[in-house]
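There are 2 protein chains.
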Amino acid sequence: MNMRNDAEIILIGNELLKGDRRDSHLKYLGGALGRTGVRPGLCQVVGDERERVAAMVRDSVDRTRALIICGGLGPTEDDITREAVADGLGEPLEFDEEAWEIIRSYFASLGLTPSDTNRRQALFPRGATPINNTNGTAPGFSIDANGCLVFALPGPPHELIPMMEADVLPRLRAVFRRPPIFTETFRTAAIGESTLAPLIEEIVPRYAEFEFASLFSPSGVDIIVSEREGTQQREHLEERATAFGNELKKILGHKYYANGNISLEEVVGKLLAGKEMTLSIAESLTGGLIGKRISDVPGCSRYFLADVVSYSNESKVEVLNVSPEALERYGAVSEVVCAQMAKGVRERMNATWGLSTTGIAGPGGGSKEKPVGLCYYGLSWDGGEEVQHRTFRGGRDIVRERVAYAALYLLYKRLVKG
Amino acid sequence: MNMRNDAEIILIGNELLKGDRRDSHLKYLGGALGRTGVRPGLCQVVGDERERVAAMVRDSVDRTRALIICGGLGPTEDDITREAVADGLGEPLEFDEEAWEIIRSYFASLGLTPSDTNRRQALFPRGATPINNTNGTAPGFSIDANGCLVFALPGPPHELIPMMEADVLPRLRAVFRRPPIFTETFRTAAIGESTLAPLIEEIVPRYAEFEFASLFSPSGVDIIVSEREGTQQREHLEERATAFGNELKKILGHKYYANGNISLEEVVGKLLAGKEMTLSIAESLTGGLIGKRISDVPGCSRYFLADVVSYSNESKVEVLNVSPEALERYGAVSEVVCAQMAKGVRERMNATWGLSTTGIAGPGGGSKEKPVGLCYYGLSWDGGEEVQHRTFRGGRDIVRERVAYAALYLLYKRLVKG
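So the sequence lines, in the order shown, correspond to chains A and B.
Sequence positions in the first sequence follow the numbering used here and run 241 to 658.
Sequence positions in the second sequence follow the numbering used here and run 241 to 658.
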């Protein structure tokens with residue numbers, strides 16, 4: 241390959257290649273570089289192998305303007321990044337007294353003394369500049385290799401991310417002098433992939449300046465547009481994104497519920513707070529998932545009163561005023577019990593809204609009449625109620641996630657229409 | 241690089257490099273290959289660029305015995321994997337009537353007709369064998385390139401994983417004829433990284449046959465050992481892993497709580513079920529997180545009665561019998577209220593154990609006496625109670641995850657000792 245890249249990434253760690261750990265760096269780095277106007281062309285994941293990494297660094301510096309290497313800076317013998325980068329660039333390692341002092345004082349701040357093996361962490365390829373690590377013992381470093389800026393950073397995200405933000409990104413901003421890559425996320429709920437895709441495909445050809453991606457999550461489908469490589473003005477791109485949003489609104493109505501990283505539970509929270517309304521929840525199969533999502537939002541205590549997760553029939557009767565007769569006659573997984581749960585929790589907590597779920601998450605517990613995945617979700621308010629049901633597919637976790645968001649959407653729909 | 245690899249992986253998709261989506265394939269593929277005795281040497285993540293991918297395929301087939309390519313098999317013009325592999329191997333694309341029939345019948349099963357653009361999905365490099373996709377429209381394919389087995393698979397995990405299991409892994413098993421790479425996970429809780437690391441470092445040198453990795457999660461630290469490349473007998477490795485586990489037990493006691501992928505909530509669930517005990521929970525800042533974890537375990541309805549998430553003071557009084565005086569005098573975030581919550585939910589639900597949390601998740605709501613991160617977690621049983629508190633660090637999510645597991649550990653400790 242002889243493409244010239246803005247940036248390349250090398251992630252080092254046997255645990256990534258063996259599947260012991262799911263990488264989180266690329267998602268962060270890709271987003272952070274995009275905000276800096278830099279497009280990574282390649283990311284390579286490799287084990288703790290000195291020779292291999294050295295060869296990769298050698299190849300990489302000839303075809304990229306920036307190279308970010310993550311991991312392998314710890315004190316043990318498996319940590320080979322210092323040596324590999326030095327080998328790759330043909331520079332010897334040199335001991336840096338100043339960096340060693342910083343490592344010692346970091347240990348001292350924890351009431352500890354570094355061991356001799358930690359001395360390795362003060363070794364850097366000749367010509368490198370240490371990058372201070374305020375959250376761990378391993379300093380990073382940067383080095384200019386014939387016009388390619390090489391950065392080596394430690395693996396733990398809580399160490400790497402602050403070092404990227406404080407040191408690497410400002411350096412890249414100064415070198416590339418580019419505006420952020422324009423990107424916008426359009427979030428939808430309550431519409432499936434197969435229904436949405438053909439609707440979107442009709443609009444997409446009119447927006448040649450954008451790349452489109454669809455992301456599926458339990459809450460729905462996100463449509464991400466981002467600027468194709470080129471020289472468009474930000475103002476123009478913003479206008480075009482607004483136009484796309486307007487078209488989406490016409491087609492989807494309230495099913496297109498927010499832009500950006502705003503979650504459905506945040507939108508629901510804002511609507512509740514704005515209307516000075518309150519919410520209480522009664523969950524069966526979702527086991528606290530809706531309450532967890534609602535309370536993920538800071539400041540939720542203004543509108544979120546309580547969530548009763550009632551697994552046992554007794555607790556449904558005792559706390560939610562579900563009638564023993566209804567449980568006996570229709571079973572816990574039924575429209576009647578779902579409605580009683582929503583009403584019971586609303587009245588008990590004196591809330592504006594009562595939201596409820598009951599169903600069979602699986603893998604066991606299904607029958608012919610009530611198969612695994614059958615879920616009821618209901619909403620109660622002063623003077624009315626609405627209960628829906630669906631048989632969700634997927635494993636236990638997916639069923640639970642989906643019914644949680646179906647219930648939240650039921651509330652959202654009422655809030656946004658009322 | 242002229243290393244000979246068992247396997248290499250190429251992940252294709254602009255959304256991965258731009259950080260729009262967090263990759264999940266490598267974790268699955270690394271684990272699946274390991275179970276097949278195959279060690280991946282390199283994973284490359286690249287955008288939807290035909291020339292670049294073609295060059296990567298060309299380089300890769302000369303240095304690896306198996307190459308797995310994921311993504312880029314959809315019907316749109318951005319889907320370049322078919323063309324790139326054909327270019328890379330110097331083969332033309334040919335239309336496969338049989339594959340086209342399968343695609344048509346897949347659409348028919350959904351009540352749909354494929355469009356002309358879908359015809360692209362029946363194009364394969366000459367000499368390739370289609371791989372059937374029972375969960376989507378895009379067939380995969382395999383092709384033997386001078387002794388390197390190349391597999392191309394669609395990106396969505398629910399399509400890729402069944403195709404790996406049904407087709408790719410059996411083929412690799414037949415070619416490599418290797419036993420699974422031995423690996424074992426030792427799970428610990430309630431001990432921090434900085435305390436655990438030096439304890440482990442003393443044992444590790446005696447287990448030269450293993451590679452060690454530590455993974456940190458909200459529930460604690462996992463120690464993963466896996467077989468170094470070599471020719472050790474499985475029996476020997478199992479013995480050594482048992483010996484390591486025994487040493488760990490001596491050092492950590494109950495803090496080492498399980499092997500494998502068994503979670504702390506599963507261990508707690510088994511202990512409760514075995515003792516025929518029941519649990520009810522009262523959560524404040526954790527907002528349903530503990531209930532969610534407990535109900536993640538299939539069959540939990542045997543011991544999990546209810547979870548009351550009480551955000552408002554009124555609901556603490558109304559449902560949990562917390563005394564208004566205690567709320568007034570000590571505040572909701574206090575040892576007294578935490579103890580009353582645990583006792584209240586236990587008595588109300590007639591459970592063996594009542595577990596409770598209250599605290600300040602942040603970012604707002606802190607004060608000098610009660611800083612953000614201050615959390616109480618308590619346990620109540622017939623005739624006793626235990627309340628602990630700690631000030632957790634990290635953001636809102638991390639604080640909530642940590643106190644949830646601290647509370648679960650409190651219960652676990654009582655169950656395992658009693």
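Derived by calculation from the structure, the hints in this document are not laboratory data.
Ideal Cβ positions, reconstructed from N, Cα and C, are used throughout, including at glycine.
One or more hints might be untrue.
[What the hints assert, rightly or not] Here are some of the chain B residues that sit facing chain A, going by a computed Cβ distance under 10 Å:
| id | residue |
| --- | --- |
| 1 | Leu269 |
| 2 | Gly281 |
| 3 | Pro538 |
[What the hints assert, rightly or not] Label pairs and their calculated CB-CB ranges:
| id | chain 1 | residue 1 | chain 2 | residue 2 | range |
| --- | --- | --- | --- | --- | --- |
| 4 | B | Ile491 | A | Asn501 | 40 to 48 Å |
| 5 | B | Ala437 | A | Asn486 | 50 to 58 Å |
| 6 | B | Gly470 | A | Pro438 | 49 to 57 Å |
| 7 | B | Ser454 | A | Thr353 | 33 to 41 Å |
| 8 | A | Arg542 | B | Arg413 | 56 to 64 Å |
| 9 | A | Pro438 | B | His476 | 51 to 59 Å |
| 10 | B | Ser355 | A | Gly493 | 25 to 33 Å |
| 11 | A | Phe347 | B | Asn501 | 32 to 40 Å |
| 12 | B | Ile638 | A | Thr369 | 50 to 58 Å |
| 13 | A | Arg569 | B | Ala513 | 49 to 57 Å |
| 14 | A | Pro438 | B | Leu439 | 52 to 60 Å |
| 15 | A | Asn486 | B | Tyr570 | 49 to 57 Å |
| 16 | A | Pro564 | B | Asn561 | 19 to 27 Å |
| 17 | A | Thr357 | B | Arg654 | 33 to 41 Å |
Going down the list of hints, with the structure as the test:
no.: 1; hint: Leu269; in the structure: holds, 7 Å
no.: 2; hint: Gly281; in the structure: holds, 7 Å
no.: 3; hint: Pro538; in the structure: holds, 6 Å
no.: 4; hint: B:Ile491 with A:Asn501: 40 to 48 Å; in the structure: holds, 43 Å
no.: 5; hint: B:Ala437 with A:Asn486: 50 to 58 Å; in the structure: holds, 55 Å
no.: 6; hint: B:Gly470 with A:Pro438: 49 to 57 Å; in the structure: holds, 54 Å
no.: 7; hint: B:Ser454 with A:Thr353: 33 to 41 Å; in the structure: violated, 22 Å
no.: 8; hint: A:Arg542 with B:Arg413: 56 to 64 Å; in the structure: holds, 57 Å
no.: 9; hint: A:Pro438 with B:His476: 51 to 59 Å; in the structure: holds, 58 Å
no.: 10; hint: B:Ser355 with A:Gly493: 25 to 33 Å; in the structure: holds, 26 Å
no.: 11; hint: A:Phe347 with B:Asn501: 32 to 40 Å; in the structure: holds, 35 Å
no.: 12; hint: B:Ile638 with A:Thr369: 50 to 58 Å; in the structure: violated, 31 Å
no.: 13; hint: A:Arg569 with B:Ala513: 49 to 57 Å; in the structure: violated, 29 Å
no.: 14; hint: A:Pro438 with B:Leu439: 52 to 60 Å; in the structure: holds, 58 Å
no.: 15; hint: A:Asn486 with B:Tyr570: 49 to 57 Å; in the structure: holds, 53 Å
no.: 16; hint: A:Pro564 with B:Asn561: 19 to 27 Å; in the structure: holds, 23 Å
no.: 17; hint: A:Thr357 with B:Arg654: 33 to 41 Å; in the structure: holds, 39 Å
The structure is inconsistent with the numbered hints 7, 12 and 13, although it conforms to all the rest.
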